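J.: Protein chains in written order, with the numbering used here: chain A, 1 to 144; chain B, 1001 to 1144.
Hint data in this document are derived by calculation from the structure and do not stem from the laboratory. Take the hints with a grain of salt, since some may be wrong.
[What the hints assert, rightly or not] With a cut-off of at most 27 angstroms between alpha-carbon atoms, the simulated DSS-like pairs for lysine-lysine come out as follows:
{"id": "1", "chain 1": "A", "residue 1": "Lys70", "chain 2": "A", "residue 2": "Lys108"}
{"id": "2", "chain 1": "A", "residue 1": "Lys108", "chain 2": "B", "residue 2": "Lys1133"}
{"id": "3", "chain 1": "B", "residue 1": "Lys1070", "chain 2": "B", "residue 2": "Lys1133"}
{"id": "4", "chain 1": "B", "residue 1": "Lys1070", "chain 2": "A", "residue 2": "Lys108"}
As the structure is a prediction and not an experimental result, all values here were calculated from the model.
Number of protein chains: 2
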Amino acid sequence: MPTQLICPEAGLWTRRGQGIVGLPLSARPLEHSVSEPAPLPEPPYHVVVFTSLRTSDADGYGEQSARMLKLAAEQPGFLGVDSARAADGLGITVSYWRDEASIVAWRKQADHRIARADGRARWYESFTVHVGKVERAYGFTRPE
Amino acid sequence: MPTQLICPEAGLWTRRGQGIVGLPLSARPLEHSVSEPAPLPEPPYHVVVFTSLRTSDADGYGEQSARMLKLAAEQPGFLGVDSARAADGLGITVSYWRDEASIVAWRKQADHRIARADGRARWYESFTVHVGKVERAYGFTRPE
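Just chain A, with the same shape it has in the complex (with noise of 0.2 angstroms):
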């Protein structure tokens, strides 16, 4: 299920490029979902692409997965986040980050630990982590 959170810190989004979508805060409250790329922040920034492979265990994920979107949105330097699963278990969810120093802390974050010690334990056959800063960015919205 794409899921897609949104910067609480409005100033940070800026339009790029081609000139990106980035509905108003106000507009785009914290749980709902919405299908669009995360509004691009200014660069440089810091980027965690996690991919997974999901086991066949359901049992408690999806709640588990949204409750971890909500929580890692209400960090300190949490600038948004991408998220899309296919049909055949492979996701794909790459959050953007303010600087390494909140990435460090979100994994810290207890219930986060939790979470991830969950993951391993019964819902990921596999996964990656890359870690790495942004240095450029732009995108594309189709004219009206």
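Given chain A's structure and the hints, the job is docking chain B onto it.
T.: Chain B in isolation, oriented as in the chain A frame:
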């Protein structure tokens, strides 16, 4: 449709973290779709995150997408790709590259330029592109 290609330079793949999946090259021909996260290259390497929302025009998209994934995998510096599109049309493709120059070269590749123009004209409502450098990576594979 999740699609995963593999690195034409086998020596670049390494096992990191808790041991990541990575079948030998001989078992993973380039046109074979496999549903597992791409093997982890040795950092540092570069990443392109392409997040897109599709239009309802499906004509020719699947073929073009498959052709571009195959072509990307033939480019110098290509290290791997993960791709997933969910039922509601939001998709994420993350490709990994040895250096910035290989990303620039792929961007200039003639067939790829034409495909991108087609994408803007017909297949994408909107997209974002984030280009960055991966400094660390790790993975998990469920014990047998």
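J.: If a hint holds in the structure, say so; if it doesn't, say that too.
T.: Right, here's what the structure says about each hint:
{"no.": "1", "hint": "A:Lys70 to A:Lys108", "result": "16 angstroms, holds"}
{"no.": "2", "hint": "A:Lys108 to B:Lys1133", "result": "23 angstroms, holds"}
{"no.": "3", "hint": "B:Lys1070 to B:Lys1133", "result": "23 angstroms, holds"}
{"no.": "4", "hint": "B:Lys1070 to A:Lys108", "result": "39 angstroms, violated"}
Hint compliance for this structure: hint 4 alone is broken.
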